[in-house]
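Asks: Going line by line, the protein sequences match chains U and C. Residues in the first sequence are numbered from 1 upward in steps of one, following my numbering. Residues in the second sequence are numbered from 1 upward in steps of one, following my numbering.
These are calculated hints, taken from the structure and not from any lab test. It is possible that some hints are incorrect.
Footprint (simulated), chain U over chain C, 3 or more residues, beta carbon under 8 Å [what the hints assert, rightly or not]:
1. 46-56
2. 69-76
3. 95-107
Here are the computed lysine-lysine pairs in the PhoX-like style, where the Cα-Cα straight-line distance is at most 20 Å [said to hold, decoys possible]:
4. K241(U) to K230(U)
5. K615(U) to K567(U)
6. K690(U) to K491(U)
7. K549(U) to K566(U)
8. K39(C) to K53(U)
9. K244(U) to K125(U)
10. K42(U) to K6(U)
11. K393(U) to K280(U)
12. K34(U) to K39(C)
13. K53(U) to K51(C)
14. K34(U) to K100(C)
15. K345(U) to K396(U)
16. K42(U) to K51(C)
17. K567(U) to K557(U)
18. K135(U) to K258(U)
19. K51(C) to K34(U)
20. K244(U) to K288(U)
21. K491(U) to K393(U)
22. K135(U) to K288(U)
23. K276(U) to K288(U)
24. K533(U) to K831(U)
25. K53(U) to K36(C)
26. K61(U) to K51(C)
27. K596(U) to K690(U)
28. K135(U) to K316(U)
29. K39(C) to K42(U)
30. K784(U) to K865(U)
Bear in mind the structure is a predicted one, so any value in this text is a computation, not a measurement. Positions of the beta carbon are idealized from the N, C-alpha and C atoms, including for glycine.
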Amino acid sequence: MIQPPKRSLAFLRWFCREDYLDEIEGDLTELFYKNMNESPRKAQWIFMWSVLKYFRPEFIKSFRNYHSTNSLPMLRNYFKIAMRNLVKHYGYSFINIAGLASGMAVALLVGLWVFDELSFNTYFKNYDRIAQVTKGGTFEGKYRQGQDYIPYPLITELQTTYRQNFKHVVPVAWAGGFEAVLSSEGKRLSRRGLYVGEDAPEMFSFEMTFGAWAGLNELHGIMISESTSKAFFGDADPLGKAMKVNNDVEVTVTGVFKDFPRNTEFHGLQFFQPWKFLEKDASWITSKGWDDHFLFLYVQVADSKSVEEVAAAIKKAEMIAIKDLDYMKNELQYDYDILLHPMSKWHLYSNYKEGLLQNGPIQFVWFIGAIGVFVLVLACINFMNLSTARSEKRAKEVGIRKTIGSARKQLIVQFFSESFLVVLFAFAACLLIVFVALPGFNQLSAKAIEMPLDQSWFWVSSLAFILLTGCLAGSYPAFYLSSFKPVSVLKGTFRAGRYASIPRKTLVVMQFSVSVMLIICTAVIYQQLEFVKSRPVGYDREGLLIMRKKSGEFDTKRDALWAELKKTGVVASVGESGGDLSGTWSHNGGFNWEGKDPSFEANFATLNVSHEFGKTVGWQFIDGRDFSRDIASDSAGIVLNEAAVEYMKLQDPVGKTVRWTNRAWGVDQDFRIVGIVKDMIMNSPFEPVKPAVFFTYGYEGVLLIRIAPGVSAGAALPKIEKVFTSMMPEIPFDYRFADQQFAAKFANEERIGKLAAVFATLAIFISCLGLFGLASFVAEQRIKEIGIRKVLGASVANLWRMLSQQFVLLVLISCCIAIPLAYYVLSNGLKNYEYHTDINWLTFASAAIGALIITLLTVSFQAVKAAVMNPVKSLRSE
Amino acid sequence: MKQQSLGEFEELVLLMVAALHDEAYGVSILENLEEKQEKKLNISAVHVALKRLEDKGFVKSRFGGITEDRGGRRKKFYVITALGKRMLDSQFELRTSLYKQIPKISFG
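In isolation and in its complexed conformation, chain C is listed as follows (with noise of 0.2 Å):
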């Protein structure tokens, strides 16, 4: 099996799928990620970004209720799964490993 891999923008829906956990769908991951980020994102990146983790298998997906404001459509909630939580932890290890050796470097 080859090296999982996450891109930039996979690792950020990640991360809010984990902290919105249970309550992770389309638009809430998208209007938490635009709040954060302070731009505009296109909610068709969000999708291709979950299909991409669920194919992957760090997340997994279930069908909520049928709600009067999504014409009748259901909502698709998203949990991150063990894998994707370890892929996560790796991430930040390896991030804050390579951080702590950055040498103390002044900018004035």
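In isolation and in its complexed conformation, chain U is listed as follows (with noise of 0.2 Å):
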């Protein structure tokens, strides 16, 4: 059978008055079937007709309002129950936002740590293009990679036979910069700064203040930074200006740039001075062959190349320069790799340990970040804990509502608006939280983290974060309260029963199971800490200071300079040595002794020291003796470290020969063993001491000053320092001390456990608050129970017992999830140092019986005012 015109119909219900729409449709209807026996056609014909008639004002029904269901005046009112119902429980309210607040400013804090290490050196434009070329090979048929110094001839190689797949091809000395001391118009400054090859700028895109980036084409040109500049020439344009570095070369200042932020590679470079300048002044390195690696190499690949086709396009390239080169025959059994590190694995992928890769600094990014995410889940349980554990107040609302005809629908819209609106002010409170916390957290996290108030981004995500935080924390209440059958609670014999305690036990067992592993994990990295902090330095650190040899002066004037330190009498004795004595710079090969394995290729951190050396930093000999002038053959002596004997296999070191072949060094001759030293800590002190070998041969970079035992160096420095004002005026006395040198490297380390430390009393902190709440709320709940209890003699200790013991089971539970988990996470951190403590149970111990304690006291406050309370006051009504 025909049907009226679906589509006309479908036009008159939607436009047409709900209260007409009987009438006419039925009357058209009727019409239609009527008409149809004379012909469905015409029938068709006017019903479709006839709908467009109706379309006039009489008709149509009002699309105005039509969509609203009066839904603001319900949200209004949900707002206006939750405003009062915060205010009616300001002490809930208090604990709830105060827990949230600081679960998400540690969030938000470590949100923006964990975006500032991501985006390490961003600032630069072609971040995506730059790579280092680090070397690989195979050493003792291990692949070995992670060698970023590179020998000069590759330089050469990459300009030249593999330039189509560079835009730029940089150069770098001395890596990490080197001190000197820049001179101009009377004032002067100690600066670090680099060598580079003249398109560093450009592709490091330095932001120019004065100049261009063409600036170090100039072979006396320097660049110099923003803050450098400032401290010369005040604001004033300082192209074209002339200075000295070390008071010694005359250049130009051809460029300012802007100083580079904290987060990039190049923070705290203050000058850059041509590549061209180098090979001009320092000649002798365009002679090094292959086998010599001291200089750091980026590039930038070519617009058309991926660097992925660049490294497989250049990763034979010194096997290929190398393979007919008579000094590195011996080399070629290594095949060694060429490889490219990309920019953006610089700073998180850059550890390497036996020449592997290492997930160091990204783990702990990782880490970090992991336990932002705890602490705010921890806060977001407080949240739902209490708001569930007050559901039974706010079951009668629920109730009445239900009966006044919400659906269900609406109250968890309710109760979702009313966690937002707590959501909302601890977001306040958290912002202003970090605000006032930043400053200390970058001071404790060395970074120069700012709130990015003004970025789009920022506001986008917090609003997510909220909305997150809103969710995760109002979906409990939410849907639990929703879910009350509104007979059984306004007849009153809604009971939350037994079961209903349990998904909140469960979370108070997840809380603290998290704090706990918290308190465990850093009371472990502070015993690690301390463990290799009091790990013996085999030299003496007190009272030593160390200056860098920073121009000509101090080897041509050395006997009187050093004749008049001691004159001053707070010097005890001057030493000089190759490096500093925070690391080992130099490994070599080419060792050979009697009764090694030939197959063996020995390799030795080389130190090269004056003969004051050992007794101005203190070494402590095991065997044999220190240098001395006296003894001429000394020249051809040296000094090992019980690590290098062990390395070696010897017995009864003392007076054995060793061969030393050397290529780079210029050297093949035999050195007697003079002296076996105790292990100097020089490198990591969480690593096993490399071997080293001491000898009197090379030049000597640093100069050692030991002060007077019994002198205070705040006495002996002004002293020490009227000597070298008077004998060399041009140079800045720029020290440092050996002690605070060997602190800095626990920087790391120190820094994790600090944060740590923070995060767990903020987790433990958050979770007391919840427990408080809690216990609050028991208390409050048996209130009646307790009285009846107390008219029956119960003694204020049972009380306490009674409302006690479920918290501290709860808190025992959760000991046990934490310390199987925290004993594994921390066996394998503690892995990867070679030098770390053991796991004591009693650190375990302790923390679980920490947690215990500070459970009792925040349950106790509660337990012991209710218990105290007078029954007559609790019985009183009904």
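Got two chains here, separate frames each, mind docking them using the hints?
Replies: As structure tokens, then:
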């Protein structure tokens, strides 16, 4: 049977007023079927035409208010009720908001920190295209990579044979920057700088204040940072001003760049000199061969190529170049690879151990990130717990709302809007906390993080953050509270029951598991720090001054300077060494000795020192004697450390000879072992000491001054400074203390420890806030029971026990969960350190006991308060 | 209150409602009017007139039962009110009195 035209009917139904629709549609349909008998077509046509004729104001429904089902006043009501609830139970509200705010603050700080870590080096515009050239190779059957020093000929090779792969090839010396004294217009300042290839400003997108990127094309040009320029010339344009480097080299300022921000590779570098100048000034570097690794090399790949393509193209560059070189014959066995380490991985993926990439820094970033999330989750759990605990109080409200006609959906919306209100308050408080805490946090984490309040992404992510937290924190109450049956609630038969508290208890257990884990981790991190700090260092750190020899005058005036220093009476001895005490910078092979396995390619840290070095640093002999200027043969003598003796498997080593053949050092001679010293910790104190060879051979770049025993550094320094300023007025008196340098080695681990301690404290604080709220709730709920028990003769101690024991049980369960987890995490984490403390069960026990005590204190406050209450008061009503 | 007025078509519909007493609804009014006048009308005109009459208080309505041939929609029945009847009476009177005043005219 033919139906009335569907479209017309739909149209009619869409626009027609509800109260007329029955009549109109009915009449039209009736007529349609009547007309059908004459002609179906005509019937349809009439129907359609008629529908159109109804399209007039009398019959069209009002569309204006059609979609508003009065949700705004309803929402307003929700917020009003929410506010009233917050104000009425201000204690709970405070606990709720404070807990959530501190959790959010931690999450926000951690988020900013993680963002900062991940955005390291993104300051450079060509971030995606820049890579560092490194080397890898197969040694003793194992493939090793991560050697970032490269030999000089590789630069030429990449600039010529492989030119088409690169947009820029920028060599760098000396890696990490060198200290120099800049002087101009009568001012002298010590600054850190680099020799770089001429393309560096363009490649690293320097932000120029004065001058152009091409500034380094000038052979005697120098680019200085804005802060350096300010210090020398104020706000004036310094282009073309004359300057002296180390009171010797005359240069002209050809550019001023903005100081590099803290989260870049070049942070702290204040000046750049052209590579061409270094090649001319220190022409010896150009004659160095493939076997001498001492330079850094950065490249920007050509626009048309990807980093991977270029990496594949240059992989065998060295092997191809050296295969016909006579002096490199022995090295062919290592099968060197030339590798590209992209800039995006410099900061977080740069930890090599045994030549394999470790997930060190990035792991730490995720670790801290995870803690942030954990603390936030703890805070959300608090919120959920308190809301569900108070549900019985709100149950009547839910019952009444439901009887009046609230749908469950509306109740869910109500509780969500309530939780969003709290989250909003908490977020405001969190912003305040972060604002106040940021300077301290920056100091703690050695960063320069700012609140990106002017960035839209910050607000967008904050909004997402609020939504997420609101949903997370509000979901449980919203779905739980709205599920109550109005009849049972209003009749008064509603009891939360035994099982209602199970989710709550689970949450408390989760909370305390996380907290106890954090406590244990923090404790072990500190133990590890203490363990390593107390490791014997093998020399005397106190009162030892270290100075870099920044001028040739240190050598020309050497004898007079040393004599003057000793004359002050505050200096016990003076010595020199090739490198700093804070690391072994030079490692070499080519050692042979009697009884050595010929296939064993021995590698030692090589340290060239003056005869007085040992006396000055205070090393300790196990066997043999120190170098002496009186014994001429000591120029061919060496001192080994314990590790070296063990490494060489020597019995009774003193007096034996070692032959050292090394082209780079230009040596091929026998050395006699004169003494064995205790291991000195120069590199990371977390690692085993490297086998080291000390000899009195080569250039010494560092001056060491030992302050006389019994003289304080404060008293000695002015006298020492006077000697330097009178003898070398052109050189700023610039020094470091050995103990400070040593302490700096712990900076990273100490930072982890402090951060973990802060987070653990906050986690415990938040958990306790939650527990406090719960305990007070339970006490309040059982107030009549307590009253009756008291009347029947229960003592305060009985009641206290009754109220506390369930919480104690929960915390005990958490400890049982946390301890194995923490043990697992820590034993894995400690494996990263070769030299590490053992995990002590006492730590676990004390963490568990600590958590218990804190719990008891928190709960007891409420329990005792409830227990000492006068039963008359609690029983009088009803 | 303004003077109640009644348009020509409205008057016809009102008369028909009165005539069809208790059986008057959209389609029956339409069909009877078409039959008497011998010309086609559109149902919408009838509905508009009914709405206006109802607004003016000349008719009142009630819903009838659901019938199959109306696609499940109810009929809306109209009955004349006392006010409506009085209106018709006064109109009728006015017309008759005026009619009576017509002198005898012969149109041959």
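Asks: The structure should be examined with respect to each hint, and the outcome stated for every one.
Replies: So, going through the hints one by one against the coordinates:
no. : hint               : in the structure
1   : 46-56              : holds (count 3)
2   : 69-76              : holds (count 7)
3   : 95-107             : violated (count 0)
4   : K241(U) to K230(U) : holds, 13 Å
5   : K615(U) to K567(U) : holds, 18 Å
6   : K690(U) to K491(U) : violated, 80 Å
7   : K549(U) to K566(U) : holds, 18 Å
8   : K39(C) to K53(U)   : holds, 18 Å
9   : K244(U) to K125(U) : violated, 32 Å
10  : K42(U) to K6(U)    : holds, 15 Å
11  : K393(U) to K280(U) : violated, 85 Å
12  : K34(U) to K39(C)   : holds, 17 Å
13  : K53(U) to K51(C)   : holds, 15 Å
14  : K34(U) to K100(C)  : violated, 43 Å
15  : K345(U) to K396(U) : violated, 59 Å
16  : K42(U) to K51(C)   : violated, 27 Å
17  : K567(U) to K557(U) : holds, 15 Å
18  : K135(U) to K258(U) : violated, 32 Å
19  : K51(C) to K34(U)   : violated, 24 Å
20  : K244(U) to K288(U) : violated, 28 Å
21  : K491(U) to K393(U) : holds, 14 Å
22  : K135(U) to K288(U) : holds, 17 Å
23  : K276(U) to K288(U) : holds, 16 Å
24  : K533(U) to K831(U) : holds, 18 Å
25  : K53(U) to K36(C)   : violated, 23 Å
26  : K61(U) to K51(C)   : holds, 15 Å
27  : K596(U) to K690(U) : holds, 18 Å
28  : K135(U) to K316(U) : holds, 10 Å
29  : K39(C) to K42(U)   : holds, 17 Å
30  : K784(U) to K865(U) : holds, 14 Å
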